[in-house]
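Same order as they appear, the protein sequences are chains H and B. Going by our numbering, the first residue of the first sequence is number 1, and it counts up by one from there. Going by our numbering, the first residue of the second sequence is number 483, and it counts up by one from there.
Because the hints were derived from the structure by calculation, they are not lab data. If a hint is listed, it holds; no wrong ones were tucked in.
Derived list of chain B stretches under chain H, where covered just means 3 residues or more per stretch with a C-beta under 8 Å from a C-beta of chain H:
no., region
1, 625 to 634
2, 735 to 748
3, 757 to 763
Source: prediction; values computed, not measured. Think of the CB as a built atom: it goes at the ideal place given N, C-alpha and C, for glycine as much as any other residue.
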Amino acid sequence: MTERNRRNFIKATGVGLLGGLAGCTRGGSNGSGDGSSSDGSSSGGSGGSSTDTGTGSDGDLAIPLEEYQSADIDWRQFEGSQINIGAVQHPWVSAIKPAVPVFEELTGIEVVWNVLPEQQFRTKRQTDVSTGAGQFDIFYMDQVVNQFREEGWIQPLDPYFNDSSLYDEEWYQPDDLFEASKWQAHGGGYSDTWTGIPITVEVQTQFYRTDLYEKHDLEVAETLEQFRQNAQTIHENESDVVGTVGRGQKGYGMNIYILNTFLREYGAELWTEFPSDSGLDSEGVIQAAEWYTSLLQDYGPEGASTQTWSDVLATMQEGRAGHIVADANLFWPGLTGEDSQVGDNIGIAKAPKPADGTFSPNAFNWQISTSKNASNSEQAFLFMLWASSQPTNTWMHLENEAAFSVRQSVWENDEFRSRVGDDFAQVTLESLQAAAPDPFDRKYPEWGQRYSEELQRAIAGQKSAEEAMTRAAEVAEDIYSN
Amino acid sequence: MSTPTQTETANQTALGRLRDLWNDYLPYWFMAPMVLVMVMITFFPGAYDLYLSVIAEPTFNVFEAEFVGLQHFETAFTRGGAFHSFVITITVVVSALALETLLGFVLAALVAGVDSGRMKGFYRVLFIIPMAVAPVSLATIGRLMLNSEIGIIPYVIETATPLAAPNFLSEVPLLTVILLDTWNWTPFMFIIFYAGLSSVPDTLVEASRVDGAPLWRRYVHVIIPYMKPVVFVATLIRLIDLFRTFGVVYGLTNGGPGTATQLVSINIYEQMFINNQLGVAAAIAIVYLVLVVALCNIIIAKVGFEGVWD
Numbered sequence: 001m002t003e004r005n006r007r008n009f010i011k012a013t014g015v016g017l018l019g020g021l022a023g024c025t026r027g028g029s030n031g032s033g034d035g036s037s038s039d040g041s042s043s044g045g046s047g048g049s050s051t052d053t054g055t056g057s058d059g060d061l062a063i064p065l066e067e068y069q070s071a072d073i074d075w076r077q078f079e080g081s082q083i084n085i086g087a088v089q090h091p092w093v094s095a096i097k098p099a100v101p102v103f104e105e106l107t108g109i110e111v112v113w114n115v116l117p118e119q120q121f122r123t124k125r126q127t128d129v130s131t132g133a134g135q136f137d138i139f140y141m142d143q144v145v146n147q148f149r150e151e152g153w154i155q156p157l158d159p160y161f162n163d164s165s166l167y168d169e170e171w172y173q174p175d176d177l178f179e180a181s182k183w184q185a186h187g188g189g190y191s192d193t194w195t196g197i198p199i200t201v202e203v204q205t206q207f208y209r210t211d212l213y214e215k216h217d218l219e220v221a222e223t224l225e226q227f228r229q230n231a232q233t234i235h236e237n238e239s240d241v242v243g244t245v246g247r248g249q250k251g252y253g254m255n256i257y258i259l260n261t262f263l264r265e266y267g268a269e270l271w272t273e274f275p276s277d278s279g280l281d282s283e284g285v286i287q288a289a290e291w292y293t294s295l296l297q298d299y300g301p302e303g304a305s306t307q308t309w310s311d312v313l314a315t316m317q318e319g320r321a322g323h324i325v326a327d328a329n330l331f332w333p334g335l336t337g338e339d340s341q342v343g344d345n346i347g348i349a350k351a352p353k354p355a356d357g358t359f360s361p362n363a364f365n366w367q368i369s370t371s372k373n374a375s376n377s378e379q380a381f382l383f384m385l386w387a388s389s390q391p392t393n394t395w396m397h398l399e400n401e402a403a404f405s406v407r408q409s410v411w412e413n414d415e416f417r418s419r420v421g422d423d424f425a426q427v428t429l430e431s432l433q434a435a436a437p438d439p440f441d442r443k444y445p446e447w448g449q450r451y452s453e454e455l456q457r458a459i460a461g462q463k464s465a466e467e468a469m470t471r472a473a474e475v476a477e478d479i480y481s482n
Numbered sequence: 483m484s485t486p487t488q489t490e491t492a493n494q495t496a497l498g499r500l501r502d503l504w505n506d507y508l509p510y511w512f513m514a515p516m517v518l519v520m521v522m523i524t525f526f527p528g529a530y531d532l533y534l535s536v537i538a539e540p541t542f543n544v545f546e547a548e549f550v551g552l553q554h555f556e557t558a559f560t561r562g563g564a565f566h567s568f569v570i571t572i573t574v575v576v577s578a579l580a581l582e583t584l585l586g587f588v589l590a591a592l593v594a595g596v597d598s599g600r601m602k603g604f605y606r607v608l609f610i611i612p613m614a615v616a617p618v619s620l621a622t623i624g625r626l627m628l629n630s631e632i633g634i635i636p637y638v639i640e641t642a643t644p645l646a647a648p649n650f651l652s653e654v655p656l657l658t659v660i661l662l663d664t665w666n667w668t669p670f671m672f673i674i675f676y677a678g679l680s681s682v683p684d685t686l687v688e689a690s691r692v693d694g695a696p697l698w699r700r701y702v703h704v705i706i707p708y709m710k711p712v713v714f715v716a717t718l719i720r721l722i723d724l725f726r727t728f729g730v731v732y733g734l735t736n737g738g739p740g741t742a743t744q745l746v747s748i749n750i751y752e753q754m755f756i757n758n759q760l761g762v763a764a765a766i767a768i769v770y771l772v773l774v775v776a777l778c779n780i781i782i783a784k785v786g787f788e789g790v791w792d
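Next comes chain H alone, as it looks inside the complex (with noise of 0.2 Å):
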């Protein structure tokens, strides 16, 4: 605890802090870093319809026509109609708008856009679909999809991938989609139906200080046990650098969303029997969260248990922890960028499992939905299929440093690969492949927070790993036993 570490630690926290306001999340509740996404976008405001040109210098489009004109969908069937899109302030936003004229040139249909900061745009969305005022024709949709959907407020788009006339499915090829991206779009398997389409996606990986690794001569770990191995070995034998620090607040979007990987990966899983039995206090959870819990109090910082995502960031960033696990398209440019001490000696790594268990990281898409009361819901299916098609995902990750493609071809392009490192871009793929997403039934925003109390007590050290799980999973089936 020097006065330089102190120093350090507190020019790296603002920088954290900076980026989280900025920085993508999975919502629910955390401290300094609620809302938001790594590096902002280019509209803050409410209102007024893309400025940008999409053209380049010599007054072409962005993308040619030609990409999307060769499909067999009726383009132009709503020329001279407008959609109004209400979104967060996250990367995607800033990575497609310059290529929106190109759809409106396409369609001939105009962009509004309304971009607000997470929170005052999740009220917004909340009024906007239950009043049925159905201002947005698409809008972001995260963990309450479910909820949404059997308020009968989301529009399912079977109809319109059904419909000849808007959908081609040879031109858009959803087979490149993830199979953890579309499962989630269908509701994380509670849905039959399309719920919306994804858009990006963050999954889990691991972060180890190749420096470190090499001085105490440490192999990569596969296990969890090699990972455990491996932070007692940092944090004994370094100062000021502790074994690992991980997200220890509350909130679904903190410490279950880690810890839901480890849960999977030890064979359990949330809800055996909806809405019957959570599954919280099964023997795998359990483990599970005995391993995280324990984890985090022997080599962890002070406080484990108030870390949130932007402190594990602000953590790792400034050299002080030996390896993390958390998002790689989140992590990635913040712990290899400018703003990183230890820029250089940055590895990563798929996330560790059991020895006996199976590879299962957490991801988290964000997608667009309609809701059943907008007037243009057919005219935001044409703009949901267009901004995730090949053609403009492929755009927007080569030339507009985008690094979220729920496209595997994206992931499996040479350029790209060789923008953003073989290594991310590998490992990435790969976990994206075996990606298993949290299952958000119509009341996880409710239970997964009391959930995530639950789980920050033992991490705490108020009660016990078993004592937490075993209460949260009363409180899980509380929550639909009324």
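With chain H's structure known, arrange chain B on it following the hints.
Same frame as chain H, now just chain B:
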């Protein structure tokens, strides 16, 4: 068919009635704009909160909403953690109020006793500074200063004493919240008490000094009784404000670990914006509003008029 004269008379009669109406109810006309504003900013939100607490989901057409009776109130107290958050809130309010009142008064008395006018000014500015810090900034500063790894407060405790500093945010979170609020708001009490002390007539203090009363007797029997209204108003204002505490605690602990620092205001926020339980949030807000208003009215009725102004 009426003649022009009859029409003219009828017009004059109507104007006369209007004039009478204006004159007879003159005070009410002047009050009307204010009443309208009060209805808009107080009555309407309250009524809407009540509406949310008894319907299943808000709908565009209020008459189509499904009435669910007291279901949200029941949920609030069964699995909504309302009772727990009330207990936490009362603990914080009582503790912080007591500490802030005591410290505010002691600081005011110490500064009032300083002879140098320049030093008095210096202390006044110094003690007011914490109040000028915004809650979110205070929470961020607090998280950094209390951090066990790099925080200055644990460092000072461990350097200056043989004691090991506790992990403030996970081991003693409620105490930490109370102390941070005390640090933030003691200046408010200090300012008011300092003004109150300045208003105590010198003749009273001098008379008690001539009678040979020691300092503590002068405070207990002369100065404090004279300052009763000031103390009462300051504590009442601070009491009401403490019930509204949100930003600094949410920024500091997020209501945790678990729900260890989950004030009612934080619980309402989480029910509303995280759990999407608008009805439960509204129900807790209504119960809370009724309790706080009732408590304040009881205090004003019992302590205020009988103990201070009578």
